[in-house]
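Novice: We have chain A already, so just place chains B and C on it with the hints.
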Amino acid sequence: MPKNGLNKGQIYFFLPAIIVISFIFLIPIINLFKLSFQDINIEARTTSFVGLQNYATLLKDNVFIKSVRNNLILISMVVPVLTALCILFSVLLFECRRDFKFFQVTIFLPYILSITVVGILFTILLQKNGPINGILKSIGFGFLAIDWLGNPRIAILTVGLIIIWKELGFGTTLFLSRLMGISSDLIAAADIDGANWWRKVISIYVPHLSGIIFFYITLTIINLFSWVFNYIYVITRGGPGNSTYVFEFFIYNRVFWYNQINYASSAAVIVFVSLITVIYFQMRSRAGLDEKRDIW
Amino acid sequence: MKKEIYGRPGKIKKIIIIIVKRIPLVIYTGSVAFPLYFLVFNSFKTRTNYMVNKLKLPFPFTIENFIGVFTKEHFARWLLNSLFITIVAMTIGSIIALLLSYGFSNFQFKQKKASFSFVASLMILPPIVIIVPLYRLYFELKLLNTYLGTILIYIAYVIPFWTYFLTKFFASIPKSIKESAKIDGGSDIIILFRLILPLSKAPIVTLTVASSLFIWNDLLIPLIFMQEDNLRTLMVGLTVFRGRLTMNFPAIFAGMVISTIPMAILFIYGQKYFLKGLLSGAIKG
Amino acid sequence: MRKFTFVMVSIVLVASLMLFIGAKEKAVEEAGTTEEEQVELVMWWWGEQDEPGLEKWVKETVEKYEAENPNVSIKTVLQPTDELIPAFQAAAQARSGPDIQFFWAGTVTMEPAFNGYLAPISDYWSPEEIKMLAYPEEVTWNGKVWAVSFYTTICPMVYNKEIFTKAGLDPDNPPKTWDEFLDACESIKQAGYVPFAIGASGGFGFSWLQIFAGMHIDSPAELLKVWVGQEDFTDLKYSDWLYKIEELIENGYINEDSHTLNLWTANEEYFGGGKAAMALLPSGTARLINEEILIGKVGMMKPPIFGNGKLAGMNNIWRKNFGITEWSPHKEIAADFLKYTISEDRAKAMYDICNVYSGSKYFNPAVVKDEMGKMYYKELNDSFGALTDAFDPMFITYESIQPAGQNMLAGEWSAKEAAEFIENQAEKWRQTNPELVKAYTEWIGSYE
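Chains as they are written, first to last, in the numbering used here: chain A, 1 to 296; chain B, 297 to 581; chain C, 582 to 1029.
One chain only, chain A, in its complex shape (with noise of 0.2 Å):
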C-alpha cells in the first residue's frame, strides 16, 4: 500500500465530491475572471476584451463603494455586539441551573425562521407608525420609536439589529456547549475564594471560551459578507434610496435587472479576492497561535 499517494479503490471516496466542485466552484470561478475583462457589443454580438476598463469604472462607482462599506458597517457593528451577548447570554444560561431549558428552546427560535419570514415579519413591525413603535410609545420609549427602515442613515443599522436578533441563539448554544464543559470543581474553587460573577466570568468563563469566540466571529464575519443577500432583498431591497446595498444585491441588480453582467464580474472578483486575501491572513495567524487545530 503506497504511503504517499492513494490507491485506486480510495480515489473513489473523493471522486464524486472532485466533479461536483469542480463543476459548481471551479469552472464558474474561472470563467467570473474571465467575465470581468470582457465587454459584450450587443449589435454585433461579440464580446471582446476590455482588460482593466469595468474594474475601473468600478472603483468610480459610488453605488459600489456603498455597497462594501455596508457590508463593512455590518460587521463592525454586529460583530461586537452578537459575540458580547452570545457571551453574556451562555453564561447566564450556564448559571441558571432550573429553567434553562425554557429560556433555551425560546432563545434557539429565531435561528429556525427562515430569513425570508423574517424579514417580512420585520418589515411590518418596524414600519414608523407600526405595532413595535406604537408599543414603545405606549409605554413611555417613545424616543426609541424611530423610523427604522425608512431613515436611509439608520435602515443597515435596523438591519444589522435584525440580524443579532436572529444569530443570538446559535451563537449562545455553541458557547454553553463549551462552558458546560467547565470543570464544577474550578467553579466551585471560586466560589469559595469569594469571586464576584464579573471576576468569574473574566477569569474562568471567557478564557475557556476564547477558542470558539474565536471561530465564532469568523464565523460570523464571513457570514455578514457572504449570505447578508436575503435580508436586504427581503427586508428593503437596497433602499431607502440606494442606503442598504450591500455588495451581494448590488451583483445581482446589476446582473439581473440590467444585464450588467460583466461589469457585475468585476465588483464579484474584486470582494472575492479581498475576501480571500484576509481569510488567508487569518488562518496564517491562527496557525501559529494554535497548534492544537491540527487534527492529524
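Bear in mind the hints are in silico, worked out from the structure with no lab data behind them. One thing to keep in mind: the hints can contain errors.
[Said to hold, decoys possible] Covered by chain C, according to a simulated footprint, are these stretches of chain A (three or more residues, beta-carbon under 8 Å):
#	region
1	80–94
2	179–187
[To be verified] Distance condition first, Cα-Cα at most 16 Å in a straight line; then the derived EDC-like pairs of lysine to aspartate or glutamate:
#	chain 1	residue 1	chain 2	residue 2
3	C	LYS770	C	GLU718
4	B	LYS310	A	ASP185
5	C	LYS942	C	GLU718
6	A	LYS60	C	GLU1008
7	C	LYS818	C	GLU1001
8	B	LYS350	C	GLU850
9	C	LYS656	B	ASP480
10	B	LYS317	A	ASP99
Think of the CB as a built atom: it goes at the ideal place given N, C-alpha and C, for glycine as much as any other residue.
Specialist: Quick look at chains B and C alone, frame taken from chain A:
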C-alpha cells in the same frame, strides 16, 4: 456560608440575583415571543379584522387564510418543490461528504492538508460570486429551471460544510477501533457504513438539521435558477406572495406560518440530538 | 467484489434518483408541441395589480381566441411587480421563455428592443393594421414599430371634495397654478388634513411625481437629449420639479411617512382613508374609491402649472405594451393573437369589464357612457403626449431618480443634491451603455 451568617437578608440578596440574572433572558424572550405572537395570531384574522386592530387576539377566529393559501396560490406546489430539493440535495450531498470526510481522516497523501483547507474554505464563498458565471454555464447546458441544476448547487454547498466538521469528528474516533476492524478484514466502505456511521449519529443529525435549514430557507439560488412559477421554492414563493397580496397581511402570515412548520418539525425531532450534539462539543470549531 | 457491488449500487442509486428528478422535470415542462399543428404561446403579463379586473379580460380574450383557433393554446402568467423585469432579463439571457411579454410604457418597452430581444410588430402587420395602434410613434425606432399597445393608464391627480370644502376651498375649482396650489395646501394643512399623499417605498411612487417634470418642456425628445448627454439634467428646465417637490416637503404638505409606505398602501390609507386631500390615482382606483368609499367626493384635477412648456399641466398617462420576443418560435401566431387583442370587440370588453381604456384605435369612445368614464377618457386624450418616467432609461428610473427621490422624501437630500446625483448616475449609465446611448439618440428622431 453567607446564608448562615446573614440569615434572611442573604436569602433576599440571592433572590434578587436570580431575578437580575434572568432579566436579559426575559427581555430577549419577550422580543422573540412578540413577533411570533404577532405572526401566528394574526394569521387567524380576516383581512379587515387585521386592519382594525393589529395587536388584539383574533376574535372571529378563522382559518380561511390557511385554506386560501393552498387553493388560490401554488403554495402546495412550492412546498413540494422545497421538500424535494431539500431532501434530495441533503441525501446526496451528505453521502458524498461522508465519503470525502472518511478519505481525509483515514488516508494519507501528499496534498492532504492543502486540499482539506481548500474544501473547507469553500464555505466562505459568497454564492453570488459563482451565480453569475454559473448562470451562463447552466444556460449553455440547459440546466436552468431544472431540479437537477438547483440540487447540484446545493450539494456543492453541503459538501464543504459537512466535510469540515465530519473530518475532525472522524479523526477523533480512536484509531484502535478502526485498526481492529481492518484486521477483521473490513474494507474501507464497510468500516465507514457499519462502524463509523453509527458512532457519528450526533454530529450527523446536527449537520442534517443545519444543512436542511440552510437549503430550505435559502432564497438567492432558487430565485435565480428556478424562476418558473411551477418550480419555485417556498421561500421565493413567499416573496412573490407578499408582492401579490400587498394588503392582505393575514394571508401572508398564514403562508409564513406554513412555511415554518416543516423545519419546526425537523428541529423538534432532531432537537434531542441537535442540542446534544452542539452541547456535547461535537462542534469544536 | 465488494468494491464492485458498491460501485454498482451507487450507480443504480444515483441513476434512479436522476430518473426521478427527470420524471419530475418532464411533468413540469410545458406541454411542448406534440402534434404537428398544435401551438402553445406563453404570455407573461402584468396589470391586475394596477387595474383590478384586467385578469378577467385576459382570460376571456384567451378563451375566445382559442375557440376560434383550436390549434393554439395560450398560457398566461401574471408576474409579480418586482419580478417582471428580472424574469424577462433572465429569459432574454437564456433566449427562451415567453412568446409575448408585457412591458411598462416607453423605455421599458424600447430598451429590450434596443437590445435585440424583440421582434418588431411591423414585420407581421400591414401598415393599415399598424395605424390602429394608439400611439405607434412611441414605440417606433429605426423605421420599425416594436410593440402592440395593451392598455393605457390614466393616472390623474385627484382631490377630495369634502376636504376642500372643510378647508374653505371651492370643491369645484381645484388650484390651477403652482401658487394657488401652495395656498390650497396651506389651508388644508391648517384644517388638519394632509394636503398631498404619496408612497415612495419600493420606488414607483416617486416616478409618479414626474407628473410635474414636463412643465418647461415641449416634447419628450428634449428630455431624451438629457439622457444621451446633449443636455444637463441639473439645468432647471429639466430638474425644476425636484425643487418644487422640495418646497412641498419643507412646508409639510406631503405625508411624512411617504418614503416608508408603498404606493398602493399610501393611496389606500391616506386618500381612501379620507386623511389626505390630494393624491395620484389610476382612474380605475379613483372610480372604485368614488363609488364605494368616498362616495361622490372624488374630483379630478390637472397638476398645477409652473411653466410654459407644451407638456405642462398634463396628467400621467402610460401606454402599456405587449412585445413579441425575438426567440419565439411562433411569431406569426403571436402577432395574430395580438391583433385580436386590439379588435373593437375586445377594446369594448376591456372597458365593460374593468373600466380600462384599451390602447387600440378601434376603441369606440361611445362605449364610455358614464360621466366619470367620459371625464377620464377626455383627460387621457388631453394628456396624450405627457412626459412621464416612460422617457427615462430604466437604469435612471430605478437607480437614480427613485433612490434620489426617496432620500429627498426622507429629508436627507436637498433637491440640488438629488439633481446632481441623477446627472452623475446618467453619466455613469452613458459610460457603461454606449450602444444604448446610440439607440436612444436614434429614437429621439421619431419625436422630432
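Novice: Taking the hints in turn, state whether each one holds.
Specialist: Quick rundown of the hints versus the structure:
no. : hint                    : result
1   : 80–94                   : violated (count 0)
2   : 179–187                 : violated (count 0)
3   : C:LYS770 with C:GLU718  : violated (43 Å)
4   : B:LYS310 with A:ASP185  : violated (21 Å)
5   : C:LYS942 with C:GLU718  : holds (14 Å)
6   : A:LYS60 with C:GLU1008  : holds (12 Å)
7   : C:LYS818 with C:GLU1001 : holds (14 Å)
8   : B:LYS350 with C:GLU850  : holds (15 Å)
9   : C:LYS656 with B:ASP480  : violated (64 Å)
10  : B:LYS317 with A:ASP99   : holds (12 Å)
Comparing the model with each earlier hint shows violations of hints 1, 2, 3, 4, 9; every other hint is respected.
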